[in-house]
Amino acid sequence: MRPRKFSSRFGSGDVAFNMTPMIDVTFQLIIFFILASQMASGTLAKVDLPRPYRSAAVAHARSGDGKVIVNVLRDAAGGAVYKIEGRSIAAARAGELGEILAGRRAAGQGPLLEVRADRRAPYAAVAPVLDAAARAGYTRMNITALLEAGAAP
Amino acid sequence: MKLFCSLAGRKARIKMQPPLTPMIDVTFQLLLFFLTATTWRLAEGQLPGSLPDPDRHLSAAAMEQLIKPVAIHLRYQAGGAVAYDVQGATFSQPGPLAEHLAALRRALGSDEVPVVIQPDPDVPWEYVVEAYNQVLRSHFKTLSLGQVSG
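Protein chains in written order, with the numbering used here: chain A, 1 to 153; chain B, 1 to 150.
Be aware that one or more of the hints could be misleading.
[Claimed, not checked] Pair ranges (Cβ atoms, derived): (1) ILE31/A / ARG75/B: 33 to 43 Å; (2) LEU31/B / ARG135/A: 46 to 56 Å; (3) ARG93/A / GLN77/B: 29 to 39 Å; (4) THR139/A / ALA78/B: 36 to 46 Å; (5) ARG93/A / ILE24/B: 46 to 56 Å; (6) ARG135/A / ALA78/B: 29 to 39 Å.
Keep in mind that the hints were calculated from the coordinates and are not lab data.
All C-beta atoms in this analysis are idealised placements derived from N, C-alpha and C, irrespective of residue type, glycine included.
From just these sequences and the hints, can you work out the full model?
Structure below.
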């Protein structure tokens, strides 16, 4: 780019557009979005969780115990969608969920299942997850709920 | 901090300064991004449980020997609320349900009596979790969720 000439009361000179900070910022943002998008589409979907009265829920570590997390979300039509490790499965294809759970179990994950279901999802949409997990050899399950206010995180 | 350093050469002394402007640019960009992009997640916890063994089948004689469970039936009421039916008593709020379950456990004299939560298929999950939570709070050891009926 050819430098432009300008003049002011301080005199005249050549000015050039400084691209360095812009490139710095662009690269920083690209790297951040790549990392952040992977985290957001991982195992924890955004779910409106149940908030039970005097919740007996206890905080657990999210990783390190090989558990499988199944998210049950409500879709726009009022039906349910299962989300497991970033993969979405319609409730009508619950058999596919069973295959995935069995595959994870065969790969050495489990036997703990975590159910993160939307509080408004009907029981008929959550029960197949428990049923499929039991058939796939999972022996323990955790139901995710919000912690009581003031409880240790 | 001394920002200038001198390089002694044979012919001249050159003064150098690190360019701080791009660094400050990036810092402010990232600060603003994190301030605007941060979302607060509510603290989550776990209600523990176990799943049944699908290969385990009890004989009829063994079934008869099982302790009769405490059944909690969840059903929709008129107006959209959900009722908890526990052995003839009906509750619409979790507090009285928890008190009733605690009294029931004391009357039974054992926490080994199994509790079965049987929701109707269209009952929202939050009510199922509510009943599950109150059973856990009442210190019953054996708790199960019924299969979808109908």
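Hint by hint, here is what the structure shows:
1. Distance hint check: the CB atoms of ILE31/A and ARG75/B are about 53 Å apart, inconsistent with the given range 33 to 43 Å.
2. Distance hint check for LEU31/B and ARG135/A: the Cβ-Cβ separation is about 50 Å, which falls inside the suggested range of 46 to 56 Å.
3. Checked against the given bound of 29 to 39 Å, the beta carbons of ARG93/A and GLN77/B, roughly 33 Å apart, stay inside it.
4. For the pair THR139/A and ALA78/B, the beta carbons lie near 40 Å from each other, so the given range of 36 to 46 Å is met.
5. Take ARG93/A and ILE24/B: their Cβ atoms lie about 52 Å apart, and the range 46 to 56 Å holds.
6. The given range of 29 to 39 Å is respected by ARG135/A and ALA78/B, whose C-beta atoms sit roughly 37 Å from each other.
Comparing the model with each earlier hint shows a violation of hint 1 alone; every other hint is respected.
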